[in-house]
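When you get a sec, could you build the whole thing from the sequences and use the hints?
If you want the building blocks of each chain, they are given just below.
Protein chains: 2
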Amino acid sequence: MIELEVALGERSYPVLIGAGLLRQAGVLAPYLAGNQAMVVTNRTVAPLYLDSLRAALGQVRADVFELDDGERFKTLESYSRIVDALLEQRHSRSTTLIALGGGVVGDIAGFVAATYQRGVRFVQVPTTLLAQVDSSVGGKTAVNHPLGKNMIGAFHQPGCVLADTDTLATLPEREYRAGLAEVLKYGVIRDEPFFAWMESGAAGLLRRDPDALAHAIETSCAIKAGVVAADERESGLRAILNFGHTFAHAIETLTDYKRLLHGEAVAIGMALAADCSVRHGMIGERDASRVLAVIRALGLPVEVPAGIGASAMLDAMAVDKKAVDGRIRLVLARGIGEASVVENIERGALLATLSAACDG
Amino acid sequence: MIELEVALGERSYPVLIGAGLLRQAGVLAPYLAGNQAMVVTNRTVAPLYLDSLRAALGQVRADVFELDDGERFKTLESYSRIVDALLEQRHSRSTTLIALGGGVVGDIAGFVAATYQRGVRFVQVPTTLLAQVDSSVGGKTAVNHPLGKNMIGAFHQPGCVLADTDTLATLPEREYRAGLAEVLKYGVIRDEPFFAWMESGAAGLLRRDPDALAHAIETSCAIKAGVVAADERESGLRAILNFGHTFAHAIETLTDYKRLLHGEAVAIGMALAADCSVRHGMIGERDASRVLAVIRALGLPVEVPAGIGASAMLDAMAVDKKAVDGRIRLVLARGIGEASVVENIERGALLATLSAACDG
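Going line by line, the protein sequences match chains E and H. Its first residue numbered 1, the first sequence is counted upward by one per residue in the working numbering. Its first residue numbered 1001, the second sequence is counted upward by one per residue in the working numbering.
Hints may contain errors.
Pulled from the structure, derived: some chain H residues nowhere near chain E, Cβ distances all over 12 Å [said to hold, decoys possible]:
1) A1222
2) L1260
3) R1286
Short derived list, chain H residues pointing at chain E, Cβ under 8 Å [as the list claims (entries may be wrong)]:
4) S1012
5) Q1117
6) K1140
7) W1197
By construction, these hints were calculated from the structure, which means they are not laboratory data. The structure displayed is predicted, hence computed values, not measured ones. All residues carry an ideal CB built from backbone N, CA and C; glycine is no exception.
Okay, here's the thing in structure tokens:
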């Protein structure tokens, strides 16, 4: 078992990574706040891992709330139903919310934990690659709004993240690949050797080689933990984790969260961000080509879906959280392994990128 | 103008108290985060003070969201409509939410500020006595749920509280008296001389004598600021501010938030808490009588409304946030000017208090 720490003073917590962790009875017991708990999960994950999770909780008997599976259920309405259940089942302020599933489950359960009776304990048990390397670490919680992704949320750090890599064995191929997009992101923004390792080892990752997977997850979580510890509430450095995401969120909004998985949208967004970085003279075309080549080698898309126009993209991007006072900010690459926020993005360069990539 | 500080490290902020503060053009400008703002207010307060508030904001033009007036609109649905408006009007993460009104407006606008795009700047402009002495200071934000008051919320400190005591001139008599309940509370839990001052000066407070009012508001805010600075997230001392409130919340839930103002429910709750303190041997009957006498002298109720039974009260109290793992905790008086949390409250003593006070 690997144990990393997200160093946030009195809000510090461990990220536990390893094969078979969920099969260790009582492994989560030290992280519960009291003798009540509620597991939030979904109909796909529950049949696979709920029994193991119950054993991992030790003596505490947990209530369970099952969501439907999918990003389109990450709504204020789902949130409200979980709160109803907590109150109906008389959960007090010393209950613990446990997210068992992917990013949707983690984000929504985390937002419930952040706001139920003004905040209760939270434990993340991510079962997708994307959640293990990204969304479960760092305390961002949220639900979507019809006008934009993650528009309602809070920062609320978990008390523990437990990533059992065995759970990835049951992950559908498409979801697995989508998770690799976030893994690749860490290389692009922060770690050239890690990027180069993926460049040469994409095949091993695609066949879920255990050693490759362990290295990918550990490195990703270590990078994320370091960035979050340096800037918990995204007033500076942390924004680089959004590389590709402003484009991605716009695409997801315009496709109503239905056509693409988040990681797929991020893959396309990274391709657009790389192109935009070239147009801003921040990287050369060769670097952009390397990024595109790895995205493709990981079996991920690089093209904006048909039917989305450049001006619709621009509008959707202006609503994004990264926009300040109507001006668009973007995270761009300064090379492989380095990224930074560019304020007041040049409309011309952005439109050139969008026009080249979009239908109309 | 009196300026108090709520000392919370980098989240410290001023509480500005005085007559005519809202008429000072630009007085709030230093507390805005950027060049966007949204005022949340209600249909009663807007016609009276919105123009002054606009001038107080200086150059920044604010959007306005008007709620219907009343505790029964402090819901997740109202919250959701404010978020809709912010997104439709393209407010970014650097907007500022400004609450202009009483506790309902402040609580709901504060919860929006806590969660819109994971948190934006917040300014409180309380226009009721209750909000000026209590709810606007300390960072508690919330909306109600059909199963309990303030069940959904967050801690989110404002960047500034501006209490213009002139706004109290337009306050209806019943609301004004309800605010005095919270003023009295500070004396009971923390400041015997302040209690004694109210005991002898209730008449001056009732006729809104400006000097008496200034003293009452300043002392109340100073006590609250001190308690909040010592225990921001209510892990200890801060709980004493809930004196009378567990009873009050149960009464409000059982009357569907419709029959009583919050301060009126708190007045009844303090009478019950005083009785319960006697039954626990923590204070003598003389102290309890003094508390009841001042509540009555301030024109506030001490009787549980007809039709509410003891067992219904007990059930409603067990859902309260102050309940831990189904056990009821209460704040009880240890004397005039001192209070503490009693865990694991004795059911017998609680039932005796409730049976004596309730219909059935």
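Q.
For a quick check of understanding: which of the numbered hints are violated here, in increasing order?
A. Result: hints 4 and 7 break, sorted rising.
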